[in-house]
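Student: Residues 38 to 175, numbered by the working numbering, are exactly what the sequence shown covers, in order.
Just to be clear, a hint being listed does not mean it is correct.
As the list claims (entries may be wrong) - Within a straight-line C-alpha distance of at most 30 Å, the following computed DSSO-like cross-link-like pairs (lysine-lysine) qualify: (1) Lys95 - Lys127; (2) Lys98 - Lys66; (3) Lys56 - Lys127; (4) Lys137 - Lys127; (5) Lys137 - Lys98; (6) Lys56 - Lys41; (7) Lys56 - Lys137; (8) Lys56 - Lys66; (9) Lys93 - Lys41; (10) Lys56 - Lys93; (11) Lys41 - Lys137; (12) Lys66 - Lys93; (13) Lys127 - Lys41; (14) Lys95 - Lys66; (15) Lys137 - Lys66; (16) Lys56 - Lys95.
To be verified - Derived DEER-like restraints, expressed as beta-carbon distance ranges: (17) Met38 - Gln59: 16 to 24 Å; (18) His119 - Gly63: 32 to 40 Å; (19) Glu91 - Ala164: 31 to 39 Å.
No lab work stands behind these hints, which were simulated from the structure alone. Keep in mind that this is a model prediction, so the values were computed, not measured. Beta carbons: idealized from backbone N, C-alpha and C, even for Gly.
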Amino acid sequence: MFQKIVVPVDLAHEAALQKALQVAVGMAKAHSAELCYVGVASATPGGVARTPEEYKEKLEKFAESQSANHGVQATSHAIMTHDPSTDLNKALEQAIADLKADLVVMATHVPNISDYIWAGHGAHVAAHSTASVLLVRD
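Whenever a hint applies, use it, and build me the whole structure from the sequences.
Tutor: Below you can see the structure in the form of structure tokens.
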């Protein structure tokens with residue numbers, strides 16, 4: 038049913054993604070699908086990496102470790118932007134379309150008051166993507 042599953046990841050908050058990562062692996066195994074871990078980062082030095090090349094390498098290693106640890110086919114797709122906090126939704130939309138994903142598995146939080154005013158990233162992706170979107174609450 039699904040062939041390409043996109044999993045947005047924030048390497049700075051890997052621990053908070055564990056439940057969504059497990060769900061994505063389970064879906065990939067159930068459907069013999071490929072996982073693609075997508076990361077959006079700034080081209081300027083940050084807490085995860087000092088250069089875009091270093092970030093891409095870390096994301097590739099993350100995908101390789103997920104593949105090796107869980108026995109699934111996995112790739113990575115790094116996106117560099119000037120301001121990830123404001124560009125994240127559009128960058129994810131574009132990546133999902135470019136990668137021809139048919140499922141997105143995203144970690145999310147329990148809604149709070151601000152979510153009734155501004156849509157969260159998962160809600161935005163679900164509203165603006167042709168792919169199915171599975172939001173996983175931690």
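Student: Hinted pair, alpha-carbon criterion (30 Å max): lysine 95, lysine 127. Please report holds or violated.
Tutor: holds, 23 Å
Student: Taking only the CA atoms, is the gap from lysine 56 to lysine 93 under or equal to 30 Å?
Tutor: Roughly 23 Å between the alpha carbons, so the hint for lysine 56 and lysine 93 holds.
Student: Check the hint pairing lysine 93 with lysine 41 against an upper bound of 30 Å on the C-alpha distance.
Tutor: holds, 20 Å
Student: Is the hinted pair lysine 137 and lysine 98 satisfied, with a Cα-Cα distance of at most 30 Å?
Tutor: holds, 22 Å
Student: For a C-alpha distance cap of 30 Å, please report whether lysine 98 and lysine 66 respect it.
Tutor: holds, 20 Å
Student: Within a Cα-Cα threshold of 30 Å, do lysine 95 and lysine 66 meet the stated pairing?
Tutor: holds, 24 Å
Student: Are the Cα positions of lysine 56 and lysine 127 separated by 30 Å at most?
Tutor: holds, 24 Å
Student: Can you confirm whether the C-alpha distance between lysine 56 and lysine 66 stays at or below 30 Å?
Tutor: At roughly 16 Å apart (the allowed maximum being 30 Å), lysine 66 and lysine 56 satisfy the hint.
Student: Is lysine 66 within 30 Å of lysine 93, Cα to Cα?
Tutor: It holds: about 25 Å lies between the C-alpha atoms, which stays within 30 Å.
Student: Lysine 137 and lysine 66 were given as a pair; does the straight-line alpha-carbon distance stay at or below 30 Å?
Tutor: Satisfied, since the Cα-Cα distance of roughly 19 Å is no more than 30 Å.
Student: Measure nothing beyond the straight line between the CA atoms of lysine 56 and lysine 41; if it is 30 Å or shorter, mark the hint as holding.
Tutor: holds, 19 Å
Student: What's the verdict on lysine 56 and lysine 95, does the C-alpha distance respect the 30 Å limit or exceed it?
Tutor: holds, 20 Å
Comparing the model with each earlier hint shows no violations; every hint is respected.
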